[in-house]
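Engineer: Line by line, the protein sequences give chains A and B. The first sequence begins at 1 in this note's numbering and counts up one residue at a time. The second sequence begins at 1 in this note's numbering and counts up one residue at a time.
Any given hint might turn out to be false.
If you want the footprint, here are the derived chain B segments under chain A, 3+ residues with CB under 8 Å [to be verified]: (1) 61-67; (2) 99-106; (3) 186-194; (4) 251-264.
Hints in this document: simulated from the structure, not taken from any laboratory. Every value quoted in this text rests on a predicted model; they were computed, and no experiment measured them. Ideal Cβ placement from N, Cα and C applies to all residues, glycine included.
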Amino acid sequence: MAREQDEQGMTRRDFLRRAAAGAALTVGAVSGLGKLPAVFAGTSPKQQTRMPYRTLGRTNLKVSVLGMGTIRTGNAAVIRKALDLGINYFDTAECYRNGNGEIELGQALKGRRDKAVVATKWHTNGRTPAKDLLASLEASLKRLGMDHVDLIQIHGADGIAQVEGEGVWEAFTKARKDGKARFNGFSTHSSSDISLIKAAIKTGWYDAVLPVHNALTTEGTGPWVAEAHKAGLGTIIMKALQPAHEGRGSEAFSGLRGSAYQKAIQWVVNAPNVSTTIVDMPSFSELEEDCAAVTGEVTKAELDEFERAVDKIAAGTCHLCGRCTGQCPAGVQVADIMRFALYHDGYGHRERAVSLYRELPAAAAAAACGDCPSCRVVCPWGVAVKSRLEYAHARMA
Amino acid sequence: MRAWRNLVLAATAAAIVGSLASWAVPTRYLPPSNKVKGWLWRKQPTAYSAQTLYKYIDGAADLYLAYGFREATVVEFYRGKSDVIMLDVYDMGRPLHAFGIFNSEKPAGAKGTGIGAQSYVSSNLAAFWKGPFYVKLSVVDGKGEALSALARAADMYLPASAELPVELRRLPAQHRLRDSEGYVKKDALGHQFLVETISADYQLGKATATLYISDLGMPPKAEQAWGKLRDFQAKAGADVVDVSDLRDEGLAAKDSSLGQLVASHQGRFVIIAVSEKASQAELTDLVKQVVLVREGGRGRPLPGNRPDRAPARPPGNP
Chain A
1 MAREQDEQGM
11 TRRDFLRRAA
21 AGAALTVGAV
31 SGLGKLPAVF
41 AGTSPKQQTR
51 MPYRTLGRTN
61 LKVSVLGMGT
71 IRTGNAAVIR
81 KALDLGINYF
91 DTAECYRNGN
101 GEIELGQALK
111 GRRDKAVVAT
121 KWHTNGRTPA
131 KDLLASLEAS
141 LKRLGMDHVD
151 LIQIHGADGI
161 AQVEGEGVWE
171 AFTKARKDGK
181 ARFNGFSTHS
191 SSDISLIKAA
201 IKTGWYDAVL
211 PVHNALTTEG
221 TGPWVAEAHK
231 AGLGTIIMKA
241 LQPAHEGRGS
251 EAFSGLRGSA
261 YQKAIQWVVN
271 APNVSTTIVD
281 MPSFSELEED
291 CAAVTGEVTK
301 AELDEFERAV
311 DKIAAGTCHL
321 CGRCTGQCPA
331 GVQVADIMRF
341 ALYHDGYGHR
351 ERAVSLYREL
361 PAAAAAAACG
371 DCPSCRVVCP
381 WGVAVKSRLE
391 YAHARMA
Chain B
1 MRAWRNLVLA
11 ATAAAIVGSL
21 ASWAVPTRYL
31 PPSNKVKGWL
41 WRKQPTAYSA
51 QTLYKYIDGA
61 ADLYLAYGFR
71 EATVVEFYRG
81 KSDVIMLDVY
91 DMGRPLHAFG
101 IFNSEKPAGA
111 KGTGIGAQSY
121 VSSNLAAFWK
131 GPFYVKLSVV
141 DGKGEALSAL
151 ARAADMYLPA
161 SAELPVELRR
171 LPAQHRLRDS
181 EGYVKKDALG
191 HQFLVETISA
201 DYQLGKATAT
211 LYISDLGMPP
221 KAEQAWGKLR
231 DFQAKAGADV
241 VDVSDLRDEG
251 LAAKDSSLGQ
261 LVASHQGRFV
271 IIAVSEKASQ
281 AELTDLVKQV
291 VLVREGGRGR
301 PLPGNRPDRA
311 PARPPGNP
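Produce the entire structure from the sequences given, and follow the hints as far as they go.
Structural biologist: Next comes the structure, spelled out in structure tokens:
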């Protein structure tokens, strides 16, 4: 989601400058915010680069903790500036702006390909033959103007059938043999479905994963990321900014030092089991702001404060924490139904959600709630469980 | 006579109420089931708002929202057991927005097909825009030979003109390269302060250049953006010089990424020409060709430049 100017027309860059000045006066220059103006002051790339790097799991690639997404970002000058600032991880996909995301990234990296780790994606429904995946990769390489990508990923693998698809391994093996893709991964929005990452690890095919993970979803996605990291997979995080987007304009974020966007990024990359996080940064000011977030220091107290702010905006939202599991005396599988409802409404995977819901035994589905005068299930996040179950049943039964 | 008049008035009122009611139903924009022989709706169409678009296209929603997305109507057509095509109609609010998102997703070198205002058709995707609507048809299963027919049918049901956005008339015609026009709502050249920007490529001798015209809405905002551009160039280490023979203020800079840059501001507009190879003099001449005095923020806007203009009334759904 695009980041906006505030009502007074003050850009976030303006705000950051003021915040940085305030920080220097009150707590001293403990944060990277204090060096914001210097970043773009015409200093050489070497002087500017203080970007932290981590190893991307078993690929052994060294990647910047802040990576660049290309759904909206395609301006060559911004991408080259990102390289200058030390960002070396670039994520794209064949479908981003119908292939134009790849074209623009390739043009921007021309002459500097060796400085970048480039990842793109292919689509499979689990039955897609290897030749189709390889044709997709070939088309991506053509658009990128590159002879290889560093990481090829299944795009949006939200079911075990996709990560276990036979065509994937065959296609990747051939692509690696031909020098067209070095490592294999998958992206997913089902990063609270622990069975998915376990199944993926079991295949032994994957080097890295690209899940959703942030301070809002961590109850569900944290264990998923930990599992991937423990298995030696690189963890590339998407949707790091989700809490800042959802809390935009909220009082909850008003007391933070720096912006909520910076804190959201800092929260994600502060976890040692995270390799990198990809953020779309279509403007210099967003690039500057996000680089400042990862090149400066952040205290535990600041991140705790951010978590408290996120808790405030999260009230009433299912976190997939699973604490409702087993609470219903009638045996309704509340946690599962909440998860299916998220697939249905949150991710738009309606058919899968309906199919999963209909597989529940009748006594475990929300229809069984009908005879209960009141719901005994208590959600720590304040979700109105009974009405949510009724809603889920109406949509998925 | 009076009874007859009352009857006419009542009928007129009913027609107006009926048309307003049907206006609220997104299916009015869709070709009905079997309009293209054999292609049927799988189920009732689904509508998505700015709040729910993520549920349909996930992260790509960001791009659509950045272009002023209002509402999407989606219907799945099927034929027999194996052919499925998804039709998406995105109401982007203004023709310029629809033009912008269409261009951002148009594959390089795609050829027009005469559908809508601009269009292209490939083996598995067709897309066009018309008025405030951006339309995409994608093959979900089977082959795509019906894409063109379904796209033409969809075109028929969109209540809008197939003319290019009037804002593009601000771009000088001389030396302009065909089909090079573009529009971005924000972040032109990577600058958050350059909004509502139209652009086109120009052939200047052996060099090509790109011209950007950002509409800041009012002169003070344009001056503010101008100042930020100057600051940015100076801080980036570009050698910035004043160009005195341009309207209002002008500057030239050697940008490390873009090459030569010449910029000016006129009224509520900021105008920028960039090229890797063209000279400062050539770019200055190009910027000089842009004449926007009558739109200086105090004058009348161009006809299509009224924000969020409501589209024309849709036709009846036969």
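Engineer: Checking against the hints above, which ones are violated?
Structural biologist: none
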